[in-house]
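Sequences listed follow chains Y and G, in order.
Start counting the first sequence at 0; every next residue gets the next number (numbering that gives the first Met the number 0).
Start counting the second sequence at 0; every next residue gets the next number (numbering that gives the first Met the number 0).
Source of the hints: derived by calculation from the structure; they are not laboratory data.
Be a bit skeptical, because a hint or two may be false.
[Said to hold, decoys possible] Derived DSS-like pairs: lysine-lysine, alpha-carbon spacing no greater than 30 angstroms straight-line:
id: 1; chain 1: G; residue 1: Lys138; chain 2: Y; residue 2: Lys235
id: 2; chain 1: Y; residue 1: Lys278; chain 2: Y; residue 2: Lys460
id: 3; chain 1: Y; residue 1: Lys111; chain 2: Y; residue 2: Lys278
id: 4; chain 1: G; residue 1: Lys149; chain 2: Y; residue 2: Lys235
id: 5; chain 1: Y; residue 1: Lys191; chain 2: G; residue 2: Lys138
[What the hints assert, rightly or not] Stretches of chain Y that chain G covers, calculated by requiring three or more beta carbons in the stretch to come under 8 angstroms of a beta carbon on chain G:
id: 6; stretch: 1 to 9
id: 7; stretch: 45 to 55
id: 8; stretch: 66 to 73
id: 9; stretch: 85 to 99
id: 10; stretch: 347 to 354
id: 11; stretch: 368 to 378
Built from N, CA and C at the ideal position, the CB exists for glycine as well.
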Amino acid sequence: MTNRELVCTCEDVTRRDVERAIARGHTDMESVKRYTGLGTGICQGRSCMARTAQILTERGYDGDALVPTTARPPLWPVPLAALAAGKDLPPTYPSDASPAWTSPTTRRPQAKGLAPLPSRAQIVIVGGGIMGLATAYHLAKNGISDVVVLEASYLNAGASGRNGGGIREQWATEQHVLLMRESIALCREFAKELGINVWLRQGGYLFVTAKQEVAASMGDNLALQNRLGVPSRLLKRSEMQHMVPELETSDLVAAVYNPEDGVIFPWPFLWGYAEGARKRGVHVATFTPVQSMIVEAGRVRGVETTRGTIRADLVINAAGAWSPAIARMAGVTLPNRPERHEILVTESLRPFLGPLVSELGLGLYFSQSLRGEIVGGLGDPDEPMGIELRSSQRFLVRMARAMVHRMPRLGGVKVLRQWAGCYDVTPDGHPIIGEVDEVGGFFQLHGFVGHGFMMAPVVGKIVGEHLAKGTDHPLVRDNRLGRFAHGHVTAKETMIIG
Amino acid sequence: MQHRKLDVPGFFAEPPPFEILFEGKRFSARPGEPVGVTLMAHGRYVLGRSSKYHRGRGVYCGRGHCGRCLARIDGQPNVRACCEVSHPDAQVESQHVVGSAKHDLLSTIDWMFPRGLDHHSLMTESTTLNRVTVAAARKLAGHGELPAAKLDADPREVATRVVDAAVIGAGRAGREAYDALSAANIDTLLADSAADATSPALAGARVIGLYDDRDLLLLKEGHIIRVQARACVLATGAMEPAPTCEGNDLPGLISRRLCEQALRLGVRPGRRITLAAQRDLDLATRTAAHALASALAEAGVEIELALNLGNVPSARRCLDGQLSAIEGRGRAQRVRLDDEDETFECDAVVWCPRPVPDHGIARQMGLATPFDTTRGAFLPECERDGTTRRPGLFLAGEIAGVSENEAVAHGRRAGIAATAWLRELSGGGR
Chain Y
0 MTNRELVCTC
10 EDVTRRDVER
20 AIARGHTDME
30 SVKRYTGLGT
40 GICQGRSCMA
50 RTAQILTERG
60 YDGDALVPTT
70 ARPPLWPVPL
80 AALAAGKDLP
90 PTYPSDASPA
100 WTSPTTRRPQ
110 AKGLAPLPSR
120 AQIVIVGGGI
130 MGLATAYHLA
140 KNGISDVVVL
150 EASYLNAGAS
160 GRNGGGIREQ
170 WATEQHVLLM
180 RESIALCREF
190 AKELGINVWL
200 RQGGYLFVTA
210 KQEVAASMGD
220 NLALQNRLGV
230 PSRLLKRSEM
240 QHMVPELETS
250 DLVAAVYNPE
260 DGVIFPWPFL
270 WGYAEGARKR
280 GVHVATFTPV
290 QSMIVEAGRV
300 RGVETTRGTI
310 RADLVINAAG
320 AWSPAIARMA
330 GVTLPNRPER
340 HEILVTESLR
350 PFLGPLVSEL
360 GLGLYFSQSL
370 RGEIVGGLGD
380 PDEPMGIELR
390 SSQRFLVRMA
400 RAMVHRMPRL
410 GGVKVLRQWA
420 GCYDVTPDGH
430 PIIGEVDEVG
440 GFFQLHGFVG
450 HGFMMAPVVG
460 KIVGEHLAKG
470 TDHPLVRDNR
480 LGRFAHGHVT
490 AKETMIIG
Chain G
0 MQHRKLDVPG
10 FFAEPPPFEI
20 LFEGKRFSAR
30 PGEPVGVTLM
40 AHGRYVLGRS
50 SKYHRGRGVY
60 CGRGHCGRCL
70 ARIDGQPNVR
80 ACCEVSHPDA
90 QVESQHVVGS
100 AKHDLLSTID
110 WMFPRGLDHH
120 SLMTESTTLN
130 RVTVAAARKL
140 AGHGELPAAK
150 LDADPREVAT
160 RVVDAAVIGA
170 GRAGREAYDA
180 LSAANIDTLL
190 ADSAADATSP
200 ALAGARVIGL
210 YDDRDLLLLK
220 EGHIIRVQAR
230 ACVLATGAME
240 PAPTCEGNDL
250 PGLISRRLCE
260 QALRLGVRPG
270 RRITLAAQRD
280 LDLATRTAAH
290 ALASALAEAG
300 VEIELALNLG
310 NVPSARRCLD
320 GQLSAIEGRG
330 RAQRVRLDDE
340 DETFECDAVV
350 WCPRPVPDHG
360 IARQMGLATP
370 FDTTRGAFLP
380 ECERDGTTRR
390 PGLFLAGEIA
400 GVSENEAVAH
410 GRRAGIAATA
420 WLRELSGGGR
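Sequences and hints are given; from them, build the entire structure.
Below you can see the structure in the form of structure tokens.
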């Protein structure tokens, strides 16, 4: 065996890998974990966290950079069947019935060694998620590189780093279908263009339902998709069983499959876009939250951050679930509501599940990642609105029951970890993009309701080109905030999952 | 070749051995032996292969912390062989190998990438090649196979136990805390992950977390038990980090505590070992390492080298120095030191680090765990008597950063503190 010094024996991360990550700018525990993969295996960080902190210390990092990654339950692998026991449901947490003592797990550590902020830029983008970074990249590609991206925490701290990695063309509205066809095409070229692997696997999405009323709308959506060139098709029960032999199909009334849909690994998208943008002169600042906005004579003129003021001609609000808070700073009220959605991941298994399975009408989805883990989520109709990133027992129990029902073979499969992120929900399920009537110089780019990640490659391109070259595009024209006030709301997007 | 202690005259007759299967071959086992120790007795240290480089993997810590000893046991994937006790005809299979654990055809990957494989930039130059690479990666990935048997959800509701105090961990500190609480007539649940508890503990119950800031969920024999306690004493102990040298993942490198456990079960870790300690060892670990050296010698194990332990009479060589590498063909066979040309041959390396708190559970329950650079460990914040900033949550023993020598006294203090807190909660003492 080659001589190596291992830091994480679960994922084969060496000391050299950790040092390389630090050299590439991943200088806090959460970032090193994500970039190297350490701590994501069966021991969930028990063996490697302290060693990583020691290496960071040797490189001169301390304080908040050494805070270990968020401790999430379960602390030991637990079979889904054990969690699915019984019928009682734990109450929503946190709530009055189930108050929280632990603090919310969003952390905004003050990392040191950050490059000084410029005092002026042509464009400031608030939010270093995939939407903001993709846009910054395309702005720079189109000649505008005097851009500053401000991320409040580490890259991948928000929804961009918490999603299940699904990408699909199957939608209920023409806007989304067309956007996603282009976005998947861009995803296919991403590794080559940005020089970093995103592990795209087009294994398809299998949408199923046990509800007749949903089956009817699935048929309508199918017709729309086919008209727009998506090769989605209805599946007979026997075809479903052949495609996913472990699937419980006896109570299902409809199934639609599109082989072009697939899954990716989210984190490298952000590193790729950030690096691509930086190479072209964009300033990407992490650990730099925006505290207030400078508004003069009916225009946003800049932002005030924890590390200084930046004046700008245009401020883009790409802060996802935090967009309403950012908009308030400019005196703008958004109709967006953040809503927690939880995910769990299981132990790693040899590949057996081809498509991502999603049960419409229930809000269940799960797929097998490239590393072999089953990753999935389940929406909760009783989930209250609000920014909430803590994990709950209720989700774990509901999810285990749903998974074990839909795929009984998963009963013995063990859960390693659960986490949560926020969907940025709008009243009509469509994003909010473009300038607002209330104040000038303030461009909205949010409201993607849990599917912003998959759309960012194409949305970033369209918005970047629009802002740089003035190209018109229905995406920017038809999704303005003003539509709610003027009553020009388009058909609601109903194929929201998770 | 078996590494078992000879029967000592005067002891009770040993119970009849039975057999387990590993990769289809039969191996004799004794009751109470974890699978990993059974195979250690037969010189089998390589149980599976690692995720990326297909390096050998086997037992190291013996307590379920490190996750290196995964195997498929009785049709269940990704089971820690150090925690699963051998039983007659137990089926143990290696995972993530093509061939066998010892001779995995894919281990060439380790040779092919001497400078490491940066998966981020692998094959990104061409979209077609990238697609092929991703497809290949998927085929190679994944550790376990789906479990053989279908496991149905238990139709019965999860049992909820409401108690005044819960003590998690029935080691030295946990039992002291439990005794203090019981003596004060406080309704206390004691739980321990070990299956053969010789205490009033709920045996084989592993805590999986504090859910919803209220429910302690325990996993026992595949079922969840929900515990609601007003006070909780965490006595889950400490971990033994691996050394920081090259080859620190080689099978045949085991921790002091695993070695102690093996010897107690009558199993030698090897014929000739290196007993190595970290530099600046604390007194408790040093004492324990010396005691281990004696036990090893008594068991007929040759100690080729004793490192950083001062004078160890039974060792052939005693040196002070820094481990620079553990080497060998697929397992630990040789030890190399900084500033020393000589290498030391052995068939196992026993590593004696200062234990560090298993802090994840403390963090999950809301405690801060600042990093102590001197100890190289995260130390959960607590007072001298185990009181934490979370009302009703106490730390006892090694989880608080104290040594195993201090664990008993610390556990007693924590039990007393928890008792006092509960008394005050219910409106004054009695």
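These are the hints, each one checked on the structure:
A C-alpha spacing of about 28 angstroms is found between Lys138 of chain G and Lys235 of chain Y, which places the hinted pair at or below 30 angstroms, so the restraint holds. Distance check on the hinted pair: Lys278 of chain Y and Lys460 of chain Y sit about 17 angstroms apart at the alpha-carbon level, within 30 angstroms; holds. Annotation: proposed proximity of Lys111 of chain Y to Lys278 of chain Y holds, straight-line Cα distance about 22 angstroms (limit 30 angstroms). For the suggested pair Lys149 of chain G and Lys235 of chain Y, the alpha carbons sit about 25 angstroms apart, so the restraint of at most 30 angstroms is met.
Restraint check: the Cα-Cα separation between Lys191 of chain Y and Lys138 of chain G comes to about 22 angstroms, which is no more than 30 angstroms; the hinted pair holds. Judged by the Cβ-Cβ criterion of 8 angstroms, the stretch 1 to 9 of chain Y is covered by chain G as claimed, because 7 of its residues qualify and three suffice. Counting residues of the stretch 45 to 55 of chain Y whose C-beta lies closer than 8 angstroms to any C-beta of chain G gives 7; at least three are required, and the coverage claim holds. With 5 residues bearing a CB less than 8 angstroms from a CB of chain G, the stretch 66 to 73 of chain Y meets the requirement of three and the coverage assertion stands.
Counting residues of the stretch 85 to 99 of chain Y whose C-beta lies closer than 8 angstroms to any C-beta of chain G gives 10; at least three are required, and the coverage claim holds. Counting residues of the stretch 347 to 354 of chain Y whose beta carbon lies closer than 8 angstroms to any beta carbon of chain G gives 5, which reaches the threshold of three, so the coverage claim holds. Coverage of a stretch by a chain is defined here by at least three residues with a beta carbon nearer than 8 angstroms to that chain's beta carbons; for the stretch 368 to 378 of chain Y and chain G the count is 3, and the condition holds.
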